[in-house]
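Engineer: Assemble the complex: chain C is given as a structure, and chains S and R must be docked to it using the hints.
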Amino acid sequence: MRHLFDIGVTVNGTRYERTVEPRLLLSDFLRHDLGLTGTHVSCEHGVCGSCTILFDGQPVRSCLMFAVQANGHEILTVEGLGTPENLHPLQEAFWEAHSVQCGFCTPGILMTLVPFLEENPNPNEDEIRAAISGNLCRCTGYQHIVDGVKLAAQKMSASQ
Amino acid sequence: MKLEGEYIFDGPREDVWELVRDPDVLATALPGTQSLDQVGENEYEGVMNVRIGPVAGVFSGRIVVSDEVPPETCTLTVEGKGKPGFINGTGYVNLIDQGDGTTLMKYDGEIQIGGRLASVGQRLLDTTSKSMIRQGLETLNKALQARIAVKTGSGEVEYKPPSESEFAAAVAKDMAGEALSSSRTKWIAIAVVIVIVIVALILINIGGG
Amino acid sequence: MTKKYIGKRIKRSEDPRLLTGEALFVDDVEIHGMLHAAFLRSDYAHAYLRSVDVSAAQAREGVVAVFTAETMGDDWQPGPPLVSPPPTVEDVIFHSRTQVPLVKDKVRHVGEPIAIVIAENRYIAEDAVDDIMVDLEPLDAVVDIEKAMQPDSPLVHDDLDSNLAAHIEQEKGDYAAIREGADLIIKRRIVIDRGAAVAMENRGVVAQWDAKSQRLTVWDTTQAPIAIRNGLAARLDLSEHQVRVIAPFIGGAFGPKMMMFYPEEMLIPWVSIKLDRPVKWIEDRYENFYATTQERRQVHDAEMALTLDGRILGVSDVFLHDSGAYDPYGLTLPLNTQCHMMGPYDVANYYSESKVVFTNKTIVTPVRGAGRPQGIFIVERLLDLAAKELGIDPVEIRKRNLIPPDAFPYEHKIIDQAFAPLIFDSGNYKPVLEKAADMIGYDQFVKDEQPRLRAEGRHVGIGIVPFIETTGVGPYEGARVTVEASGKINVATGVGTQGQGHFTSFAQIVADQLGVDVRDVHLVTGDTAEFHWGTGTFASRGSVVAANAINASAKLVREKILALASKVLESPEDELELADGVIRVADIPRISISLGELAMLANPLRGAVEPGTEPGLEATAYFGPQYGAIAFGTHAMIVEVDPQTMMIEIKRYVAVEDCGTVINPLIVDGQIHGGVSLGIGNSYYEKLVFDENGQLLNASLMDYLIPTAAEVPRIEIGHEETRSPLNPLGSKGVGEAGAIPVPALFAQAMENALPEYDLEILEAPLSPNRLFELLREKEREL
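Protein chains in written order, with our numbering: chain C, 1 to 160; chain S, 161 to 369; chain R, 370 to 1151.
Next up, chain C with everything else stripped away, as it sits in the complex:
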């Protein structure tokens, strides 16, 4: 006999109502129940940061949360940041700086950076590296990512 719970979660501005098992991970809920596959799962033990999403504005590991914990809360995933036709300045900067290789760690890094740049609009290299030190990347060696963040900071302050 499976216990099921009704939950209501707002993701990228849209409210979703679903019935789920209590043990369903938030990452699986987003990816498979809601079809938002931009958030990626890489370690399922909270180390790599690929699954990072914004939970009521704070970056959290969606692989360490249950969907039922998101009941009544607001989530922002990478799909809510921009579209190929309308990129967020952070995404544009990443594109220009070649911050993306395989792209698997990218959504988690973007979501980590969104609140970081809001609080640190003009970060230096060390601050940027510390901010993303909880996001593992195996392809880029981080350098172009750091360049992308600096470029994004410029773009975002220019537009203000």
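Careful, some of the hints might be misleading.
What the hints assert, rightly or not - With a straight-line Cα cutoff of 25 angstroms, these simulated BS3-like cross-link-like pairs (lysine-lysine) come out: (1) R:K804 with R:K377; (2) C:K150 with R:K377; (3) R:K380 with R:K857; (4) S:K243 with R:K473; (5) C:K155 with R:K380; (6) S:K333 with S:K290; (7) R:K936 with R:K924; (8) S:K241 with S:K162; (9) R:K541 with R:K768; (10) R:K516 with S:K162; (11) R:K799 with R:K816; (12) R:K372 with R:K924; (13) R:K473 with S:K241; (14) R:K816 with R:K757; (15) S:K243 with S:K162; (16) R:K804 with R:K757; (17) S:K290 with S:K302; (18) C:K150 with R:K1020; (19) C:K155 with R:K377; (20) R:K768 with R:K799; (21) S:K162 with S:K333; (22) R:K757 with R:K1020; (23) R:K380 with C:K150; (24) R:K373 with R:K924.
Everything labelled a hint here was simulated from the structure, so no lab data went into it.
Structural biologist: The following block gives chains S and R in isolation, referenced to the frame of chain C:
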């Protein structure tokens, strides 16, 4: 992995030996034990919940007692497996009469661990298992005292076996105590706590601002 | 051909989709009615399988099927070897033993799959895995490769006399003879240990058998979709055209995603056919540490003979190579090591003997570097120790031994991983080494800065390591280029893409050949329905072999365009130019036709065509190099060590590379950054630790430490360009270069940082812990 140590029981050897061979008492000394049944003269079968760090699960196993020289020595062979992996081991137990009404237990064993327990719980295995053994022996000692009190008629000494969560808390406290045991590490730990508090205060301020 | 795009730092066309979460990875595939798989894997490294009882699992609600080796019946068979032994070398011993879909008689490594559960969702499947009762009789595990070769060792494969998987000797000149006359012999035992690729995306397979159309579609995180397709068709008794394998966006690969087959790659399609339902399996990170291949463990007894002025007379090496439980990848890894043990140096005498050993550990196949880092580590360590003894500056001793530019092509007279003679095609090594020394300020650092810092009590060291890399090996790749009626160009090739930016770099080549905007070139990689000839992405060959195939077919299309346009515009071909998506008369630009219109004219719906005409503006071409191109590079590093905490800080890191013609420097830089960061992991943070029972003690990212943004420094890159004569583009590979010299570089720099300890670092990886032990050992000695 080697497991060795000593423990002093507040009671005579014969009573300690009796206790150690009583599956009902043993089962309570290690909370998480769902069952421990004697299935042969020297054989026990049991089912136990095990948690080491992030790895948890149910183990089922067999314990065989051999080379018995009561109330002095015996050898225990353990074979357990479950979802988190497997544990196999052999331990040698020696009880020594201290001559003052207490018994010194010396144990010395070697265990092989495999599966998720070994791969993911590795860092905590050493300290957790030592701590679990220590807590278990302390509980046994309490049971011993209760039994002696009943025997000698010196009044009720209550033996309340700890619940699973109490046991876990005691193990955690024990492990933390180990970490803080040297005065140098204690100061470091205090400094760390202060830093954490300061950082937390800063973050709270940033978050609110 | 106007050079507009090749050599330019162009933004990648695939990025907008990757940046917005709109790119399809294997786990993103959702098919109506899809079932999910989970595996029961062995907890023992070596054990007889006595029985498996799946009844409880089958009875669980939501479970559709459970399979074991027994219930697979006649369909059970071991995988084919991916790489066969070298055909051309005599006296090679090779025992081929390949991985199995599910364990039948004996478990040979922790994580080997014993049963597969198919259920409505992954959660239920994993619950059911716990229901399975398996009876394993443990055996002593074979873990240490030296112990494995002792006569009383347990056997990984009972039908063999020993744990010897393969034996190969190679020689050049006569080392034994030259040894007699040497002024200095440096002889050391060097041990290198295992590391994992740890791509951010774990492996996965989705298979969909459509019984009505009798077609199998497979999405697989593979570097070689064509090999998988052909293999699956053969195994499942289907025609190749009934099977389509798609390698969509892949979250990093680095070598281990190149296999045929992993047990899961074989099983999931088989299950889909058996149940007539789509099936998905996604690996979790714990499985990834055991069930995805690893690499690097070797034990070397190495020797170098030199003259008093530091000239290398010869190198000799005997080594054991750990293959894990099976050896599907042939001799590729030890051959690579052998080919790199002379480095970029002019060495006339060489002897190498390699014994490949079976152990009860995870299977070994290439991980970025693929045996090359080990070879470079050996030669560079020996040379560094010789430099110390002879009192010669490390840069100087290397300059004295580099192959001079007029000696190319330089023949090494041994064979490489492609079983071809090892020939260094082209190179100009000294300028690259000098550039690296220059960029890091080597002389000034050693003369001024280092003494000054040392006087302050700081431990700073400098290292510089040149290296070669075999790249661009055959056999071949192919491509098809098509001009569409819209004027856009479609390109299809067989290699897959795992982040290297093929969609852009390959488009640059075509855009230059056909005079179109690079954004109008659309590329398809890794889909056997689009292109089904080729081998895959591995061994740093995409920008050589696939790129040249694409170039060749684009050239053929260009010729067709000119021929047809010449008729249509009534002008001789040599007066025409291709630019801006049109063909026009160079001097009279208003006489022109767009590519799209020309394509339509080339494919008429009515009328007659001349005999021998091919429709459309399309061509397919193949390219296979004679042998692999040799790239060269030099890395240099300044590092500070704290001998109290053993923590390090890389103050500066310089990488100069020469990979021939560069198609997109931005992408090449990215490849070097990524390779160096893996190399840094292999040098100081990453090590797979197995205990004596074959249990991996750090099978999670908590304990297997991948460098983060805080550990990887800013890397300064320099380029040199010595074209390869082996292909029209003149390119050489660079995908693995970043990772190859790093362990050797670390060893040199760390020894240099701690001179008072007079360390000899003869192992990789190091770690803070290990460095602590080494320093304490030295303190006791002194």
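Engineer: Each hint should be assessed against the structure and marked as holding or not.
Structural biologist: Each hint, compared with the structure:
1. Restraint check: the Cα-Cα separation between R:K804 and R:K377 comes to about 22 angstroms, which is no more than 25 angstroms; the hinted pair holds.
2. Of the pairs offered as hints, the one joining C:K150 and R:K377 holds, with about 22 angstroms between alpha carbons and a cut-off of 25 angstroms not exceeded.
3. Pair hint R:K380 plus R:K857 holds up; C-alpha atoms about 19 angstroms apart against a cutoff of 25 angstroms.
4. Only pairs whose Cα atoms come within 25 angstroms are accepted, and S:K243 paired with R:K473 is accepted, the gap being roughly 21 angstroms.
5. Annotation: proposed proximity of C:K155 to R:K380 holds, straight-line Cα distance about 17 angstroms (limit 25 angstroms).
6. Our distance criterion of 25 angstroms between C-alpha atoms is met by S:K333 and S:K290, whose separation comes to about 13 angstroms.
7. Distance hint between R:K936 and R:K924 is fulfilled; the C-alpha atoms sit about 19 angstroms from each other, no more than 25 angstroms.
8. For the suggested pair S:K241 and S:K162, the alpha carbons sit about 19 angstroms apart, so the restraint of at most 25 angstroms is met.
9. With a CA separation close to 22 angstroms, the supplied pair R:K541 and R:K768 stays within the 25 angstroms bound.
10. Proximity of R:K516 to S:K162 is assessed by CA-CA distance (about 22 angstroms); at most 25 angstroms being required, the pair is judged to hold.
11. Of the pairs offered as hints, the one joining R:K799 and R:K816 holds, with about 22 angstroms between alpha carbons and a cut-off of 25 angstroms not exceeded.
12. With a C-alpha separation of about 14 angstroms, the suggested pairing of R:K372 with R:K924 holds against the 25 angstroms cut-off.
13. Taking the CA atoms of R:K473 and S:K241, the gap is near 21 angstroms; set against the 25 angstroms cutoff, the hint holds.
14. Using a Cα cut-off of 25 angstroms, the hinted pair R:K816 and R:K757 holds, with the two alpha carbons roughly 17 angstroms apart.
15. For the hint pairing S:K243 with S:K162, the CA-to-CA distance comes to about 23 angstroms; that is within 25 angstroms, so the pair holds.
16. Using a Cα cut-off of 25 angstroms, the hinted pair R:K804 and R:K757 holds, with the two alpha carbons roughly 23 angstroms apart.
17. For the hint linking S:K290 to S:K302, the alpha-carbon distance of about 19 angstroms falls within 25 angstroms, and the restraint holds.
18. Of the pairs offered as hints, the one joining C:K150 and R:K1020 holds, with about 21 angstroms between alpha carbons and a cut-off of 25 angstroms not exceeded.
19. In summary, the hint linking C:K155 to R:K377 is supported, as the alpha carbons are separated by about 24 angstroms, within the 25 angstroms threshold.
20. Restraint check for R:K768 and R:K799: satisfied, since their Cα atoms lie roughly 7 angstroms apart, inside the 25 angstroms limit.
21. Pair hint S:K162 plus S:K333 holds up; C-alpha atoms about 23 angstroms apart against a cutoff of 25 angstroms.
22. Proposed proximity of R:K757 and R:K1020 is supported: the alpha carbons are some 24 angstroms apart, at most 25 angstroms.
23. About 17 angstroms separates the Cα atoms of R:K380 and C:K150, which keeps this hinted pair within 25 angstroms; it holds.
24. Taking the CA atoms of R:K373 and R:K924, the gap is near 16 angstroms; set against the 25 angstroms cutoff, the hint holds.
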